[in-house]
Every structure is written in C-alpha cells, then in structure tokens.
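Engineer: So you can see what is in the structure, the chains are spelled out below.
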Amino acid sequence: MTNPPVSSREYLKPPITEVGVIGWLRGNLFNSWYNSLLTVVVLILLWQLVPPFFRWAFIDSVWNTPAEACRDIDGACWSIIPRNISFILFGFFPDGEQWRPGLAMALMLGLVIFSRNRKHWKKSLGIYWSIGLIAMGTLMYGGVFGMQVVETARWSGLPLTFMLALFGMVAAYPLGVFLALGRQSRMPAIKTLCVVYIEMIRGVPLISLLFMSSVMFPLFLPEGVTIDKVLRAQVAIILFTAAYIAEVVRGGLQAMPRGQFEAADSIGLNYNQTMRLIILPQALKIVIPPSVGILLSAFKDTSLVVIIALYDVLKTTKVTLSNPKWTGYSTEAYIFLAVLYFICCYAMSNYSRKLEKELHTGR
Amino acid sequence: MKMSRLTVLVMILSLLTAGFAFAGKDLDAVKKKGFIQAGVNGGVFGFGMPDEKGVWKGLDVDTAKAVAAAIFGDASKVKYTPLTAQQRFTALQSGEIDVLTRNATRTLSRETQLGLNFVTVNYYDGQGFMVPKKLGVKSAKELGGATVCVLPGTTTEQNAADYFRSNSMDWKPVVIESTSELAKTFFAGRCDVLTSDASQLAGTRAVAPNPKDYAILPEIISKEPLAPAVRHGDDQFRDIVDFAVLAMINAEELGITSQNVDEMMKSNDPMVQRFLGVIEGNGAALGLDEKWAYNIVKQVGNYGEVFERNVGVNTTLGIERGLNALWTNGGLMYSPPFK
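Residue numbers (our numbering), protein chains in the order written: chain A, 1 to 363; chain B, 364 to 702.
Some clues are possibly wrong.
To be verified - Under 8 Å between C-beta atoms, here's a sample of chain B residues computed to sit facing chain A:
hint, residue
1, G405
2, Q450
3, V538
4, T542
Stated by the list, open to error - Calculated lysine-lysine pairs in the PhoX-like style (CA-CA distance at most 25 Å, straight line):
hint, chain 1, residue 1, chain 2, residue 2
5, B, K420, A, K325
6, B, K416, A, K325
7, B, K575, B, K547
8, B, K496, A, K325
Hints were generated in silico from the structure; no laboratory data involved.
All C-beta atoms, glycine included, are put in the ideal place defined by N, C-alpha and C.
With the sequences and hints as input, model every part of the structure.
Structural biologist: Right under this line is the structure:
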C-alpha cells in the first residue's frame with residue numbers, strides 16, 4: 001500500500017471550491033441560504049434593468065439631431081442637451097458673449113483647484129482671490145475693454161448656480177462662526193439675539209425665506225426703491241446657511257475641553273487671542289465633516305431659486321423642456337443635470353476627506 | 364453765497380411740484396430710464412418664453428414690445444422680468460416692473476383689491492377638455508365617470524369640480540404637479556380626459572406621439588380673459604398701454620400690416636390717416652409721438668400677425684383664432700375708433 005507523498009504540492013492545494021473566483025463567490029455571495037436568495041434576486045433585477053437601460057441610453061439613442069428626428073426612435077434623445085446647451089448653461093447671457101461666463105467659470109475653477117493645495121494657503125492666496133473675483137465680476141458685467149454691459153438680471157444658468165453657491169458658502173461661514181461665538185457669549189443681549197436668530201432661521205424652510213425675499217420684502221421698501229432680485233435671493237441663502245453653520249460650529253466649540261480655555265487664560269491671552277489662536281483652529285477642524293455636509297446641501301439648495309423665477313441651471317433646463325419641441329425628453333435632461341450636480345458635490349466631499357486627513361494631527 | 368432757510372425750502376418745494384406738474388409718475392420714470400420693465404411668464408410657449416438663444420418670444424412679449432414702440436419708437440427697449448404666479452402682482456405693486464404682460468386673468472377681485480388696472484384683453488382663453496378620439500366622445504356632457512388629468516391647486520381643478528357637479532356627473536381627478544408629466548401621463552392612457560386652458564391643450568396635443576388621435580371638445584367651461592395690467596396712480600400710462608394693445612387690433616381692422624404700413628401712409632382713408640398720424644392729433648392726446656401707432660405696426664405687427672406668429676395655426680401650438688378673431692369674423696377683438 002502506497003500512501004500519496006504528503007509533501008506533494010498537489011495535495012496541499014485547497015479544494016477548488018474554497019479558492020479563486022468560486023471560493024470568493026461562495027464566501028461572500030452564497031454563504032447562507034438568505035444571502036444566496038438575495039444574490040439571485042439582485043442578479044435578476046440587474047438583468048432586467050441594466051441591459052434595457054444600456055440599450056435606451058447608448059444603442060437606440062441619438063446624440064445631436066433636430067427634435068423631429070427624436071420622434072421616430074425608441075432610445076434616449078440626448079440631442080436635447082447639445083441643441084440647447086447655450087441656453088441651459090448660460091441662459092440669457094447674450095449669444096456672442098458667452099465666452100465671458102465660460103472664462104469666468106474656468107477662472108473660478110482654477111482658483112478653487114489652486115486653493116486645494118495647503119502649501120498655497122498664504123496671504124498671497126487672498127490677493128489671488130481678490131484679483132480673480134474682480135476679473136470674474138468684470139467679465140460678467142462688462143462695460144470695459146469694449147465688452148457689452150450685461151446686467152445681473154441676465155446672469156443665469158450655471159454661472160448663477162455657482163455664484164449663489166460660492167458666495168453663499170463664503171459669506172455664510174464667517175457669519176456662522178460669529179453667531180456660534182455669540183451664542184456662547186456671557187453678554188445676555190448678544191446671546192439672546194444670536195439664539196433668536198439661529199432658532200428662527202432654523203425653524204423655517206429655505207423656500208419660505210426665498211418667498212419672503214421675493215414677494216414680501218419689496219412691499220416694505222419705499223415706492224420706487226427696488227433691490228436686485230438676484231441679490232435678494234443671495235442674501236436669503238447666506239442668512240439661511242449661516243444659521244446651520246452656527247450650530248455645527250457650536251458643536252465644535254463645546255467639544256473643546258475646559259483645559260484649553262484655562263491654558264489660554266494662564267498664559268495671559270485675551271478673548272480674541274484665545275479664540276483665534278487656540279480654540280477656533282481646533283474646533284473648526286473637528287467640524288469639517290458636518291460643515292461640508294451643510295455646504296453640500298447649500299449648493300444643492302440653490303436650485304430652489306426656481307420657485308422665485310431665477311434662471312439657475314435647473315430653471316433653464318425646465319424652460320427648455322416647456323418648449324413643445326422638447327417637452328417629451330425630460331428624463332434625458334434631468335439625467336444630465338444629475339450628473340452635473342454629482343460631479344460638483346463629489347468633488348467637494350472628496351476634497352473635504354483629503355483635508356481632514358491632512359489636518360489630522362491626533363489629539 | 365449765503366441762502367436763507369426760507370429760500371432753500373422754497374427751492375425744494377418748487378422742485379417737488381415741478382416733478383408733479385408734468386406727466387404721471389410712472390410714465391416719467393419709464394421715459395427717464397429709457398426702457399420698459401415688463402413682467403412676463405417664464406415658461407409658457409407662445410406667450411412668454413426665451414428661445415434656445417435666450418431671446419424672449421411670445422404674444423405677451425410682443426404686447427410689451429408694442430408699448431415700448433409706442434413710447435420710445437423702438438420695440439427693443441424692453442427688459443423682461445420672468446415672474447411666477449405668486450410674484451406677479453407684488454412685482455407690479457412694488458414698482459419692480461412697469462407693466463405686467465403675463466397671461467393674468469382679469470377678475471373683479473384682482474381689479475379692485477390689488478391696486479392695479481387691467482387694460483384691453485390681448486387673449487381670450489378658457490378651460491377645455493381633450494380626449495383620445497377612440498373614446499368616441501363628442502361633448503363634455505358625455506364625460507360622466509371619467510378619470511381626469513389635472514394640475515393641482517389651480518383654478519383649473521376648481522373649475523372642473525364645479526362643472527362636473529353642476530352637470531351631476533361623477534369624475535375621478537388624477538392630480539399631477541408638472542405640465543410635462545401631466546401630458547406624459549395622459550398620452551400613456553392613465554386618464555380618459557385632460558383638462559386645462561384651451562391654449563395649453565393645443566400645445567399639449569402638438570407634442571402627442573400622434574396628434575391626430577386626440578380631439579379637443581367644443582365646451583369651454585370657464586372664462587379667462589387675459590389682459591396686461593398696470594398699477595394705480597398713472598392714468599396716462601394706463602391709457603398708453605391700453606391703446607398700444609388696441610392699436611394692434613385697430614390695425615388689423617383697417618387692414619394695415621407690418622408689410623404694407625408704408626404704403627398705407629399714402630392712403631386717402633381718413634381713418635387710416637388718423638391712425639397712422641398723417642392727420643395729427645392722436646399722438647398729442649396720448650402724450651406720444653404722432654408716429655406711435657405706425658411704430659407699433661411697423662416693428663411689432665397688427666394683432667393678427669402677432670397671433671399667427673406666436674400661437675397661430677402654423678406654429679407648434681396650432682391655435683385657431685376663435686374668440687380672438689376680429690369682431691367682423693365672429694370673434695371678440697374690437698377696437699374703439701381712433702379719433
């Protein structure tokens with residue numbers, strides 16, 4: 001009787017069902033009867049959904065045809081995007097001048113990318129931003145270097161969305177920090193004011209604030225005085241976002257151990273110095289994730305200006321859809337918008353994770 | 364140089380009264396800034412909507428242009444403020460816009476309580492029904508028990524409920540928020556009837572997979588006279604807006620179009636001569652240039668041209684003149700004499 005050689009590699013191999021693809025499948029997808037059932041159900045669903053979607057979106061679809069050509073096909077009519085792209089992206093900006101908002105947005109994107117690198121966080125960054133913002137404003141408004149004047153009422157589409165979001169965030173953040181500090185203040189008047197403000201704003205939806213800014217507020221102004229519609233919406237968005245930022249920052253402030261304040265006191269720092277040098281840098285670092293959450297939702301909330309007839313990128317798309325020629329292709333248009341919003345939001349949350357990792361000094 | 368307080372006071376007062384001594388305040392303000400701020404609908408095809416290049420088009424937009432042509436002799440001196448249904452009257456009251464040309468129905472309560480004046484109707488609309496032809500329904504009276512697609516929260520829903528109740532018929536409303544979804548639902552066959560303003564029904568039918576399969580029923584169950592509006596306080600400006608609309612109607616009555624208006628200047632007909640300012644008088648009466656009506660017809664067109672260009676049978680909407688035909692053709696468009 002000959003025993004098989006124990007040392008032979010063949011006999012050391014685990015059973016085929018435990019390794020490789022099959023092993024992984026058994027281990028992860030079919031390791032119990034309910035998981036097997038789930039896997040099968042999901043596979044069936046995918047089989048039902050993915051190929052038809054793929055066929056609709058890519059095989060039977062058309063990409064750049066007149067609206068009439070879309071009538072005869074079963075697939076997606078992506079033509080709605082290229083055929084209306086200048087209105088969807090730039091709205092009422094005069095036709096021949098659309099390179100201006102395009103360039104302004106590119107400039108903004110460049111500045112944002114430049115600012116991502118923490119090595120660039122110096123005084124010069126502030127100067128770059130000031131120059132950039134002035135350049136963007138000039139590009140949008142015009143009136144110099146032979147550029148035609150384009151008043152704010154015609155700023156629409158994607159630049160409007162970005163503008164409302166960017167200025168909303170940039171102005172709301174410091175305001176929110178002040179409100180959070182005010183809420184912690186020992187001075188009763190300031191404290192009450194901040195608490196009332198924060199709770200009042202948090203108690204109403206953004207839609208009602210926008211309505212107030214666009215419908216009620218003008219009635220209180222003296223006759224003949226009107227304030228720009230875009231500006232009113234912008235202020236409403238800033239006020240709204242600031243209240244939420246304030247509460248998040250307050251969370252960070254409360255997480256600071258007592259010892260930090262005492263240590264600051266013991267080396268003789270006054271209130272301003274304590275906050276600026278010791279407390280806020282630490283507190284703001286803690287609250288990066290929830291702040292980004294708020295900024296993301298603020299970005300998406302800008303689309304609510306649709307209800308006060310501002311032409312952000314969502315509204316320009318909706319207007320395109322109310323042209324009878326294109327009415328039937330709302331699915332395609334909304335998918336395009338979803339992708340646009342996703343790219344922006346994903347970039348923001350991605351950056352926040354990177355920033356968190358870089359700033360993580362351990363505590 | 365030293366002035367006594369009294370002198371200063373007198374100067375200020377005289378400046379103020381000088382301001383009031385001229386035309387009404389709205390017209391003055393409009394003339395001073397050099398353009399008209401018109402409140403329009405942001406997304407109703409054929410009435411007020413930007414096209415692919417962001418250029419405003421529509422019947423209401425052309426009405427605003429006519430006012431600009433009358434005041435400035437240049438139809439392009441208009442700026443547009445897109446407004447929602449909630450904003451429109453506030454915007455007019457607060458002075459954000461000078462004239463509202465945004466398919467607003469003239470009603471007693473709006474006219475009396477909102478501090479505004481409607482002028483001559485520029486489109487007679489009304490609520491109607493659309494059905495698939497294969498149902499074989501010929502009249503709205505046969506719609507008992509039908510499922511009806513309708514937009515929520517508008518007078519449309521209310522009107523439909525009233526109509527079915529007063530005719531003691533059952534109905535099942537299918538309420539859907541957006542216009543384009545409503546149309547999709549109806550074409551997919553989820554409801555038997557679609558109800559909306561007749562002008563909208565025509566537009567909806569135009570985008571049907573097969574427009575020939577659908578019929579709009581003859582019954583119109585509500586009155587929707589759509590008219591431009593101005594705020595109280597400047598009757599002269601009101602007159603100008605009113606007669607800008609009437610001038611388009613009168614031009615059609617007289618057979619003057621944007622094409623033949625220059626030849627018509629040589630006409631011997633005193634009515635035409637008075638209208639086009641060859642015989643002077645009308646312009647001075649309104650406080651305008653004598654060529655005001657000529658400018659409207661030349662740059663914007665008569666009512667028939669405006670109608671056909673924006674909503675008429677050769678457009679996607681394909682709406683018949685119907686109530687909006689001249690009174691001589693069985694419609695309601697009627698202009699008082701221009702003298």
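Engineer: Each hint needs a verdict: does it hold in this structure or not?
Structural biologist: Each hint tested on the structure:
The interface hint given for G405 of chain B is met, as the beta carbon of that residue sits about 5 Å from the closest beta carbon of chain A, less than 8 Å. Checking Q450 of chain B against chain A: minimum C-beta separation of about 6 Å stays under 8 Å; hint holds. For V538 of chain B, the interface hint is violated, the least distance from its beta-carbon to any beta-carbon of chain A being 18 Å, above 8 Å. Satisfaction of the interface hint for T542 of chain B is found here, the shortest Cβ-Cβ separation to chain A being roughly 7 Å, below the 8 Å cut-off.
Of the supplied pair hints, the one linking K420 of chain B and K325 of chain A holds, its CA atoms being roughly 15 Å apart against a limit of 25 Å. With a CA separation close to 15 Å, the supplied pair K416 of chain B and K325 of chain A stays within the 25 Å bound. For the suggested pair K575 of chain B and K547 of chain B, the alpha carbons sit about 16 Å apart, so the restraint of at most 25 Å is met. For the proposed pair K496 of chain B and K325 of chain A, the alpha carbon gap of about 23 Å is at most 25 Å, so the pair holds.
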